[in-house]
Amino acid sequence: MSEEGGATTTPAPWVLDVSVLTAIARADPEVTYLVIALDGRGRPLIIPVLAITVASSDAGTEDGDIALRGLERLENVIVAPLKDAEQATRLAAVIAKTGLATGDAHVAAVADASVCPILTADAPKWREPATALDDPLHIIEIAEPPEG
Amino acid sequence: MSALSGPTYDPDMDDRKTSLTVDVDPGLVAYAKQLVEAGKAPDVSAVVNDALSEKVGRDAVDRLRETAARADPAKVARMMAHVDAQAAALPGR
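Line by line, the protein sequences give chains Y and P. The C-terminal position of the first sequence is numbered 148 in our numbering, with every residue numbered one higher than the one before it. The C-terminal position of the second sequence is numbered 93 in our numbering, with every residue numbered one higher than the one before it.
Since the hints were derived computationally from the structure, they do not count as laboratory data. Just to be clear, a hint being listed does not mean it is correct.
As the list claims (entries may be wrong) - The following label-pair restraints were derived from C-beta to C-beta distances:
# : chain 1 : residue 1 : chain 2 : residue 2 : range
1 : P       : K75       : Y       : A101      : 21 to 31 Å
2 : P       : L20       : Y       : V49       : 43 to 53 Å
3 : Y       : D134      : P       : D62       : 39 to 49 Å
Stated by the list, open to error - Chain P side only, calculated, beta carbon under 10 Å to chain Y, not exhaustive:
#  : residue
4  : G6
5  : A46
6  : N49
7  : L52
8  : G57
9  : L64
10 : A68
11 : D72
12 : M79
13 : A87
Glycine included, C-beta positions come from ideal geometry on N, C-alpha and C.
Could you build all of it, start to finish, from the sequences and the hints given here?
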């Protein structure tokens, strides 16, 4: 939360992609710390259910699933469901346009619908899909900045 | 058409419940029964289930924080600065 002229404003939400969720499921300390810190700043963080499914499969451990459940419990984390046939068919259209696999396609569909950036640990993956929809997707990469 | 009813769809995809016999402090049992009588829970099993579920969630968050505690603070600071710089450069920000 931030205050401007006495009014409290909530930061725009960011959508966590499969690479971030998998890093958390694999107990990456830096990515986990950074996401917890963003949550602590009041930044709404959206985690699409199909991205959670893929991250769980990628990590393939009970500890990974516990980490993903813990993530869901953070104060500003919101799970984005796939709730009906309209959303399911819209997701199919995003898959067709972007060529993304299902988990990250759900990330793209949520980001596109909500007009909010995607937080990723794998920016190159998004280079082409980010321009495949009617409006460009905005990408924020978790990485150490290039030297110099 | 037969009047027999078959299995029903569970939209919550909950695991099937398992019976459990445990010893619980009398005061906690009384509190659980109060919640049921007040209509705040369907039965004592639901109260116990919710309490355990709550603990599972808290433990999962603790596990996340334990992982984060192993992070290199200098590296995280550089990563966060990079994230903040990208966010500041987004259109409409």
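Hint by hint, here is what the structure shows:
Between K75(P) and A101(Y) the CB atoms are about 29 Å apart, so this pair conforms to the stated range of 21 to 31 Å. Between L20(P) and V49(Y), the C-beta spacing of about 29 Å breaks the proposed range 43 to 53 Å. For D134(Y) paired with D62(P), a C-beta distance near 43 Å keeps the hint of 39 to 49 Å intact. Taking 10 Å as the C-beta cut-off, the interface hint given for G6(P) is violated, the closest approach to chain Y being about 24 Å.
Taking 10 Å as the C-beta contact cut-off toward chain Y, the hint placing A46(P) at the interface is violated, the least distance being around 20 Å. The criterion of a C-beta within 10 Å of any C-beta in chain Y is not met by N49(P), whose closest approach is roughly 16 Å, and the hint is violated. The interface hint given for L52(P) is violated, since its Cβ lies 13 Å from the closest Cβ of chain Y, which is over the 10 Å cut-off. For G57(P), the shortest C-beta to C-beta distance to chain Y is roughly 5 Å, which falls under 10 Å, so the interface hint holds.
At a threshold of 10 Å, the smallest CB-CB gap from L64(P) to chain Y is about 4 Å, leaving the interface hint in force. Annotation: interface hint on A68(P) holds; nearest CB of chain Y at approximately 4 Å, less than 10 Å. A least Cβ separation of about 7 Å between D72(P) and chain Y falls short of the 10 Å threshold, and the interface hint therefore holds. This hint holds: M79(P) has a C-beta 6 Å from the nearest C-beta of chain Y, less than the 10 Å allowed.
Using the Cβ-Cβ criterion of 10 Å, the hint placing A87(P) at the interface with chain Y is satisfied: the shortest such distance is roughly 6 Å.
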